[in-house]
Structure formats: C-alpha cells, structure tokens
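**Student:** Chain by chain, the residues run as shown.
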Amino acid sequence: MVQDSVILSLQNLTMRFGGLVAVREFSMDIRYGELVGLIGPNGAGKTTIFNMITGHYVPSEGRVLFEGRDITGLPPWKIARLGIARTFQNIRLCREMTALENVLISFHPRVRSTVFDALLPTPRYVREERWMRERGLELLAAVGLERWAHFRAGALPYGLQRRVEIARALATQPKLLLLDEPAAGMNPQEAQDLMGFILKIRETFGLTIFLIEHVMQVVMGICPRIRVIDFGVSIAEGTPEEIKRHPKVIEAYLGEEALRA
Amino acid sequence: MSIFLQQLLNGFTLGSLYALIAIGYTLVYGILRFINFAHGDIFMFAGYWLFYWFFIFQLPWWLAALLAVALTAGMGVVIERVAYRPLRHAPRISLFITAMGVSFLLGNTIIVLPWAGGRQKPFPTPAFMTQVYTVGTVRIQGVTLWVPLIAAACLLALLFLVYRTKVGRAMRAIATDIETTALMGADINRVISYTFLVGSALAAVGGILWGCRYPRLQWDMGVLPGLRSFTAAVVGGIGNIVGAMLGGYLLGLAEILFVAFLPHLSGLRDAFVFGVLILFLLFKPTGILGKPLKEKV
Amino acid sequence: MRAWARNWPVRLRAWARGLLAVLRAWGRDLLAVLRAYWRFFLTGLVLAGLFAFVSWGEKGLDRFIWRVLNFGAIYAIAAVGYTVINGVTGQFSLGAHGFMLLGAYLTTLLILPLHQKEMVWILRPLVWPFNRIALPGSMFILALLAGGVAAVLAAVVVGIPALRALRGDYLAIATLGFGEILFLLVANLPQLTNGAMGIKGIPPYTNLWWTFGILVVVVYAAVRLKNSSFGRALRAIREDELAAESMGINVFRHKLLAFLFSAFCAGLAGGLMAALIGTITPDLFRFFMTFYLLLIIVLGGMGSISGAVVGGFIFATIFEALRFVDTAVVPGMRMVVFALLLIASMLFFRRGLFGQEEFTWAGLGRAGRWVWSKIR
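Residue numbers (my numbering), protein chains in the order written: chain P, 1 to 261; chain V, 1 to 297; chain Z, 1 to 376.
Next comes chain P alone, as it looks inside the complex:
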C-alpha cells in the first residue's frame, strides 16, 4: 500500500433537497493513513457529505470513489462491508443492548454460518460465536472499556458511549473511519482526551480517519490537514496554521458568532 495513493476520492459532490442545495460541487482526495478534518459552522453540510460517502444519501451529482472503485449509490451496508465505518453526531447505539453486544453487531456481516447453523447449533457456529466474543472483548479492552462490556449501552455515561460507538465502528475492521463530531457535547478536557484517544486508535489499527468537527480548536491539535466548508461550499484547505489565518474562514466563523451573540 503506497502511502501517497488515494483511498477516498470525492468528485464534484452536490446534494439538493428540493430547491435547497446542501452541498455544492464538493471535491476532495484523502490518502491512505491520513487524518483529515472537515470543519464548518452549523448547517454547513458536513454531515450531508458523510451521508453521501456512506450511502445514506445518494448525491444529486458527482461520484464517490473508494479505493478506486465507484461506490456512488451503493446501499450503506455494502459500503460498510467495503471498509468504511462511521459514527454519528448524535450517538446511535443500540441502547438496550450491552456494550459488548453493540460491538458484536459489527462482526455479524462476517459470520459464515447460516441461520440453520445457529439453530442447531453446529460446531462451526459455536466456534464463530466464541471467536466473536473473544475478539469483541479484546477490542473493548483496546479502547479501555473492558470493565463496561456487560453494561447496558444506554446506561453508560456520555463519553463512554462515544467510545463504544467508536469500538463498534472499529469492529467492522474499516480501512477508513468517519467520525461525525466525536467531541460534541464534551467539555474541553474530555474533548482533549478524546483527541488523544483518536490518535491512539489510528496508530493501533492503522486507520485513515476523516473527522468532522464543529469547534475549530478541537481539530487544530491533531489534524495536519483541514478542509473548511460553509453553506455547502468548500472555502479553504490547508494546515491548521493556514486555516486559522484564512480570511474566509474567519469570516464564516465570525458570522456565526455574531449570530449567536
């Protein structure tokens, strides 16, 4: 795998909802092993871009290439099996299931046993189930959640739920991980810890990470490359230093602060 080759290529993505253009001609290349941030004010269209990558929305125009393959319009579950995993802005765990079960869900697409294997159960199924449980516990241990494995996911504190969600995404063995505002609802200290955590899993699992963030400061510390969008249009790209000084970015964020005030 060449470090410089492109894993994900977004080409002229446009998303229209009725008359409203949520994203306009968004293009971007992400290379293997990169950690890229996408920032922008609320409602700028960041999540819409993620939804187009993962197949939840079919772009009105443009293409999504993953490892050179056109995945535009594929259903989400197929895209997930190709190696793109995601988390959600408002955590979407299966709240009535345990943390471990949440992780095991992600192993399910790789189960080779049929339903009848599970019903009998055949040795193959028993073996697979045991393998899944072991791997699930390992994974939870790797993200520091082994103590919480058998707790109901909905009962865990917010920060831990976020980690379970990331663990669940990791269990699909992704090549590319999309994180949608992982630090949302966290205080600065928690956000800082989370960013350290993200760096760590990137090392451990050799991931490419594409990260959405609303608060600029959070990504500044960890993403070498940052893209900024506003009103669905890409307005700047560069290193954190360049972004901080970029007049359009300042304008976009100032505008938002003016609105908030």
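Treat each hint with caution, since some may be false.
Stated by the list, open to error - Short derived list, chain V residues pointing at chain Z, Cβ under 7 Å:
#1 Ile35
#2 Ile97
#3 Thr98
#4 Gly101
#5 Ile111
#6 Val143
#7 Tyr163
#8 Val167
#9 Met184
#10 Asp220
#11 His264
#12 Leu268
#13 Phe272
#14 Leu279
Hint data in this document are derived by calculation from the structure and do not stem from the laboratory.
This structure is a prediction, so every number in the text was calculated from the model and none was measured.
We treat Cβ as the ideally placed atom computed from N, Cα and C, and that holds for glycine.
Given the structure of chain P, go ahead and fit chains V and Z onto it with the hints provided.
**Tutor:** Showing chains V and Z alone in chain P's frame:
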C-alpha cells in the same frame, strides 16, 4: 340518465363520504404522525348515537343528528385525552397499538350496549332524503342530491377553518413542526384537542350521511369504510387536507367503476381497495399531493 | 499364590482406597458437570415432566382443561413467531391472521377425508389435486408443514416489497391490507375453499402431543435465533435500523428472515387450530385473530419469547373462562375486556410481564432469592 352517469354520481357520492372520513386520518397523521386506527369506529358511533336519540329517546331527526355529531366529536376529544395524550412521548407504535385497542373497544361496546347489540339495526332516514325531486326532466332522489352537497359544504367549511382562522393556522404550524410551535408559546394540547374535535365531527357527519345512503347499522360497519378512507388519505398524500378530499373522490369513483365494469369480481371490491393501498404505500407513499418526510440521519 | 494370601488385607485395603479415589473423582466430576450444565439438567427435567404430563393428560385431563391447554399452546406458537417479527425485530406486522388462515385451509384441504369433501363441496366440486388427497393421521405433520410453507410463500410475496420499503405504521397497514386480501381471496374461491360457508368435519388430529411438541420445537428455534448472532442483528435493527445498516448488516434480509419465521409459526398454528375445532370458515381468521396475538405479546412483553408463551396460555385461559360471560351474560363482553386490557397495558404496563428479557434458570434463582429475602 345514462347508466354511466348514474355510476359516476354514485362514485361521487361515495367519494364525498370517504373524503369526510379521510380528513380525520390526515389531520391526526399530519400533527401526531400516527394512524388513528379508531377513526372508523368513531364514524360508526355517530350512526348509533342518532339511532339512540331518534328511536329510543324519540327526538326529532334534526336534533338527534346535531346531538349525534356533537357527542361523536366529544368522544374523539375524550379518547385523545385519555388514551393518546399520555403516550405522546412514547414510541409511535405504542400509540398505534392503543388506537387499535380503542377501535376494538368502540366496536364491541356497541355489541354490549342495550338496544344496539350485535345484530343489524335500521337507520332512521329522514323524509327529505327519501323524497324524489324533479329538476326539469330529471327525477332525482334526495340522497343522491343531499349527500354530496352536505359533504361538500362540510369540506368547504373545513378548508375555511384550516386556512382562514387562527386555530387552523395553529394546526398547520404544529403539523409542520410541533416542537418549534410549542416553543413559540402555542398551546399544543388545545390545538390537538381541536383537531380531534374537527376530525371526529366530520366523521360523524360522514357516518350520518352514510346511514342515509346505506340505511343499516352494524357494530363493525366502521372498519371497512375506515380502511378505505385511510386508503383515500394515503392516495391523496397523508397529512394533506386537500389531498384527502381528492383521494376520497378518486377512490369512491374508482371503486364504483371497478364494480360497474367487473361485476363478477364485486366480491373482491375491498381487495381492490387494499391493493391500491399497498401499491401506493410501496411506490408512492407520499400520495398525489403529499410532501416527502425526510428521515434525519 | 501364598504371597497373595498373606497380603490380602493390605491388597484389599489398597483396592478399597483406589475405588474410593475413583468414586470421589467421579463425584467431583459429576458435581463439576452439574455446576456447569445445571441449567440444561433443569431444562431436561422440565421437558421430561412435560412429557409425563402430556402422556397422562391426553387421557386423564378434563376435556375443558385439555381444550384450554391446546388452545394455549396454539396461541403460544403463533405468538412466539409474532413476537420475533414485532418485538425482537421491531417490524410491526398486522398480517398474522392471513398466514394463519392459509395454514388452516391448506392443512384442512390435505387431511379432510374424501367422503367429507364430497359432502362439503356440493354445488361445485373441489379442484384437483385436493379432491384426490386425504392424508391419514400419521401424516398430519406433513399437512401442518405444508400449511406453514404456504404461509411462508405468502410472506415472501408481501415481505419482499413491503419490508424493503416500509416501516412503522405504514408497514402495519400494508400487512393488514395483505391479510385482508388473503381473507377475501379465500372467501371468494369456493372451488377451493367452499367460500364463506366454510368446511366442516375436519378430523380432530390435534392433541396435546402435537401442540406441545410443536411449541417446544418453535420455542427452541426462536430462543436459539434470538440469542444468536442473527438475533443480535435483529435486535439491533429494532433499536436503530440506521446504525445497524451502517455496520454492514443487510437489514432487509434480516427483516425478511424474521418475517418468514413468524409466518411459518402462524401457518402451523392455523393448521393445528383447524384440526382442533373441526369446522373452519374464513371469518374465523380475521383481523381480531391478529389482535389476540398482539394482546398476547404486549402482555408478555414485546420481544420476549417466554412472554409470548406465558401470554398465550394466559390468554387462552381468560378466553375460555370468559366464554360463559359471552354466551350467558352479555355477548361481546369478552372483546370489550380484551380491548380494555390492551389499552390499559399500553398506558400503564408497557413493559409487559417480561419486557424484552427471557426466562432463565439463573433469573428464577435471583427472583427466588429476592422473594425469600422479602419474606424473611
């Protein structure tokens, strides 16, 4: 009058009744996003109220009819208050299940009630409905004349209510976004009660007109018209008031024409309606006039 | 020889000691096995008890109670399937009565004796091949399975488009519409079904062996399914369909799996019911039948297989107990009670008896200890 014209008029009459009932489904769905399964039984109840006031308490027909509409409308409000409101923040499917419970409760209450019971009862049709009018050379029965006219008048009144009054504006606002409307200080509960009042009153008018058209009462007579009217609401685009009216008329016409042209399949008339329902749900769930509801990711 | 004779007390002692050690080891192993597998032993014990009960009850039970138990098991079979799609998977289907109807009619057509067929289809003869087939009692299971398969085929027809496109109350209404279409078809095909007049004289093959035997198999399958990786996927779909899909789960295929399972159970239940009551009409399997099943799984806890079984028996008991109210006091009162029960449990008792949980021996132990601590 040619047979075809006669059938067309029949379809129009039936359609106007569907429209009246469909409004109730669409209003409630537009605001609370659940199918008020009991609406068909509310419709049925109106006929029985009239039956009671007219036959048992011997009131004059017009007074009995007025009372029936008022009581049915009140029933709608009470049902919402008692059975639906406590579940407003529960999963929507719980509301649906409860509505099914209410539907079975209403239907079987009729069986249990004295003088009503499980067997068919006559419906008191007033004189002006059975009278035959002569307009020029055309002789026309009262039902064929009055039913679509009264129904149309009620529909117009509803349009006025929804688009020209304050309550109507509040109803539309809630249908668009219930949380924002609540934040803006509107009394959600009051508006929802109004919605059930209006929907049930229209269903009551529909029930009474239905009785005039098909003068029999039966405890389960609400189920099929209810489902057909729900189909009409879906065809028109659920949540859309004009759509419900349009869907009602279209479905009424289609049903009558189906029976007229394929008489040997008349036993499968309801299968035809359900087929329409399923096809619309599958391929055009937003109906003819509805707007798509986007799922938030 | 002499040495042996001289040493025999020593040798005997050694043997005894060895024997004791072996026995002790066995005991230890036995205990360990018991400790590890006590749940299975208890379950086996219960199954053996059930076996004994059924073999006694088939002759010894009061006919009324025998009937209630059969009905309870039949409702439980249908409800277990119903709770897998409605509760575990969270896909609200209202077409169960249509599937029961299909099961009941196909089973009946297969087992009805030929002379009875000639008597029932007087006006128009029964179509081929059913006018030639009359399976004996020993092949009852084939007729039942055929009924289940017929229901599954119907479920494929409606499930493939409906489960792909619809969810929530739209799915409910579409499946309800499909169930009614099945009813109307059956009622309007007299050459096949004798129409609204129904079929009488169905041989009473259904007994406790069949109902309880099939119930045990169905419960086993449902529990294995729910606790397997597939079951986790089904539960994930209920909790958050979008998240499940984003983790690579083919949501539609799993929904269909659950739907077909439920249809199969409903088909079996329909066949068993037909051969229990002896006379069927299309009206017997109308929407109220699905309403019963819904009430059962709501009472038992949506998504709990244990709840569906317990609920099925409770329902059958109340149903038969209130029969005298219906026939002697006020007709229709029973349905009023059921409707009120459903509304009340939705308003005040939405969890049901079991919630989404299952009965386990460990859970019973916990509950027992809890009760014991309260008593003391």
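**Student:** Evaluate each hint against the coordinates.
**Tutor:** Going through the hints against the structure:
Taking 7 Å as the C-beta cut-off, the interface hint given for V/Ile35 holds, the closest approach to chain Z being about 5 Å. For the restraint placing V/Ile97 at the interface with chain Z, the shortest Cβ-Cβ distance is roughly 6 Å, inside the 7 Å limit, so the hint holds. Contact between V/Thr98 and chain Z, as hinted, is supported at the beta carbon level, the nearest pair being about 4 Å apart and thus within 7 Å. With its C-beta approaching chain Z no nearer than about 4 Å, V/Gly101 sits inside the 7 Å limit, and its interface hint holds.
Hint on V/Ile111 holds. Least Cβ distance to chain Z is approximately 3 Å, under the 7 Å limit. Annotation: interface hint on V/Val143 violated; nearest CB of chain Z at approximately 28 Å, more than 7 Å. Contact between V/Tyr163 and chain Z, as hinted, is not supported at the beta carbon level, the nearest pair being about 27 Å apart and thus beyond 7 Å. Below 7 Å, beta-carbon pairs count as interface contacts, and V/Val167 has none with chain Z, the closest being about 26 Å; its hint is therefore violated.
For V/Met184, the suggested interface contact is broken, since its CB lies about 28 Å from the closest CB of chain Z, more than 7 Å. Using the Cβ-Cβ criterion of 7 Å, the hint placing V/Asp220 at the interface with chain Z is not satisfied: the shortest such distance is roughly 10 Å. For the restraint placing V/His264 at the interface with chain Z, the shortest Cβ-Cβ distance is roughly 10 Å, beyond the 7 Å limit, so the hint is violated. Taking 7 Å as the C-beta cut-off, the interface hint given for V/Leu268 holds, the closest approach to chain Z being about 6 Å.
About 9 Å separates the beta-carbon of V/Phe272 from the nearest beta-carbon of chain Z, more than 7 Å, and the hint is not met. Hint on V/Leu279 is violated. Least Cβ distance to chain Z is approximately 9 Å, over the 7 Å limit.
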